[in-house]
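Peer 1: Starting from the known structure of chain A, fit chain B onto it as the hints suggest.
Top line first, the protein sequences correspond to chains A and B. Take 1 as the starting number for the first sequence in my numbering and just add one per residue. Take 1 as the starting number for the second sequence in my numbering and just add one per residue.
Hints may contain errors.
Stated by the list, open to error - Quick list of in silico lysine-lysine cross-link-like pairs, DSSO-like style, CA-CA up to 30 Å: (1) 244/A - 309/A; (2) 16/B - 200/A; (3) 81/B - 200/A; (4) 205/A - 17/B; (5) 17/B - 40/B.
To be verified - Derived CB-CB ranges, DEER-like: (6) 47/B - 184/A: 57 to 65 Å; (7) 343/A - 47/B: 49 to 57 Å; (8) 116/A - 38/B: 53 to 61 Å; (9) 5/B - 130/A: 20 to 28 Å; (10) 179/A - 13/B: 53 to 61 Å; (11) 17/B - 395/A: 53 to 61 Å; (12) 59/A - 6/B: 24 to 32 Å; (13) 6/B - 56/A: 25 to 33 Å.
FYI, nobody ran anything at the bench for these hints, they're computed from the structure. Here a beta-carbon is modelled for each residue, glycine too, at the ideal position from N, C-alpha and C.
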Amino acid sequence: MKGKTAILEGSRAVAEAVRACRPDVISVYPITPQTHILEDLARFVSSGQLKSQFVRADSEFSAASIVYGASAAGARAYTASASQGLLLMNEVIYAMASTRLPVVLTAVNRAISAPITIQPDHQDTMSLRDTGALQIHVESLQEAYDAHVQSFRIAEDPEVLLPIFICMDGWVLSHSYEPVTVFPDEAISEFAGTFQPVQKLDPAKPLTYGSYADQDVLMEYRYALMLAQEKAREKIRSVTKEYKEVFGHFDGDLIDTHRTEDAEIILVAMGSMVSTIRAAVDELRAEGRKVGLVKVRTFRPFPEEEIIKACGKAPLIAVLDKSLSVNTGGILATEIKAAFYGNPVQPVIVPFMAGLGGKEVNRRVIKEIVDIACRAGDKQGPRGDTIWMGLDHGFFS
Amino acid sequence: MMDLLLGGVCKAGESKKLETGKWRSFRPVVDRNKCIKCGKCADYCPDSCMEIKEDGAEVNLYYCKGCLICIRECPVKAITKEVEEK
Chain A
1 MKGKTAILEG
11 SRAVAEAVRA
21 CRPDVISVYP
31 ITPQTHILED
41 LARFVSSGQL
51 KSQFVRADSE
61 FSAASIVYGA
71 SAAGARAYTA
81 SASQGLLLMN
91 EVIYAMASTR
101 LPVVLTAVNR
111 AISAPITIQP
121 DHQDTMSLRD
131 TGALQIHVES
141 LQEAYDAHVQ
151 SFRIAEDPEV
161 LLPIFICMDG
171 WVLSHSYEPV
181 TVFPDEAISE
191 FAGTFQPVQK
201 LDPAKPLTYG
211 SYADQDVLME
221 YRYALMLAQE
231 KAREKIRSVT
241 KEYKEVFGHF
251 DGDLIDTHRT
261 EDAEIILVAM
271 GSMVSTIRAA
281 VDELRAEGRK
291 VGLVKVRTFR
301 PFPEEEIIKA
311 CGKAPLIAVL
321 DKSLSVNTGG
331 ILATEIKAAF
341 YGNPVQPVIV
351 PFMAGLGGKE
361 VNRRVIKEIV
371 DIACRAGDKQ
381 GPRGDTIWMG
391 LDHGFFS
Chain B
1 MMDLLLGGVC
11 KAGESKKLET
21 GKWRSFRPVV
31 DRNKCIKCGK
41 CADYCPDSCM
51 EIKEDGAEVN
61 LYYCKGCLIC
71 IRECPVKAIT
81 KEVEEK
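Same shape as in the complex, but just chain A (with noise of 0.2 Å):
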């Protein structure tokens, strides 16, 4: 299908896809840098561009809770937020997720305090991890595009049933300009359908939601989210498809490779840094250098399969992380460490901290990446503890 390019603001490209998939109710508390969002759905709703309940909260839980609500009671909700708004959340998107609610939610990722920064990074969506949300780091603002309007239908699937985040770093990506594709209302809206809810709020058949479990069912309950996480898979895997097929785009299922064969180091990484990667990729290799991309896109589900097929019989993985699990590491990098346990093949794997805090990370960063993973194989080489890319070691002296 044709749509119409257009230089737009990564939140308005967000807003555009909102808007087209017509959710019932909106309900967003501003934080920087997800504000905008914020104020191009509250001017659709205003100028009648979009019939949507556009509750006003008083912090991101009560935005959160007004969400949980809406969907309860058989609504398309949706919700944005950020970095500390996201934390205020963390209760309610685990009550949402294990009472089955399909939320979507714009996480535009900034790093949390202290010291206070709106910078990006993944810290606040990595601390959401846990909650049974499904997420999805895009990598352009086409991406978010995309990435929304297939979002709806993954979520609310009566066999996946969870929340959604598409998790956008802040700054790079909310507020950068770029040729953004988008496609008329009415054929975004086909697409994304409407929510057909399995069980709902109704007076006139009154449910519990939120309801007490002892011991011998919340087991039950949890493992009930490990097997919609694995429908999502499936989802994601047809959604995304059919996305390409009637939209033309495609920008990944569960992860997004790029000149990975032959390759003999890959690059992991997640978010708009896959971006800048991307383009030094293509340098490295036009001086012949085999170097690959793997890119994360769905980090819950998280996929396993996908990144060991795809990294092959590569010797060398480097994973670039923007979240840190203080005392292990790099987050990512520890994942991808416990998906490589029990392979046939063992590549060794050398995790970097890489843009924690909206530390720069450009392509002459992401080459002297390459260049220290390549000598893990040296004895002055690294020995697997993660390597903080731009550390100020005189910082601590």
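Peer 2: Frame of chain A, contents of chain B only:
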């Protein structure tokens, strides 16, 4: 047992089936000869387990969690505790 649906959702009123009395370590025992049927125990019981009958207070042991607030509030010390042995 409560009949729970997808996501632990249940029909309204389903929690009536939840036997919270199983959580009890001590059981309140009412001495009907001392009970003056003032209804204070019923007023203070957080689980509405006390009912004032013709011959005195009666404990609903299906729901009573054994918090023993009734013993503390009884003005005539008509309620004592016994260890729950199961």
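Peer 1: Against the structure, test the hints numbered earlier, and report the numbers of the ones violated in rising order.
Peer 2: Of the numbered hints given earlier, the structure breaks just one, which is hint 3.
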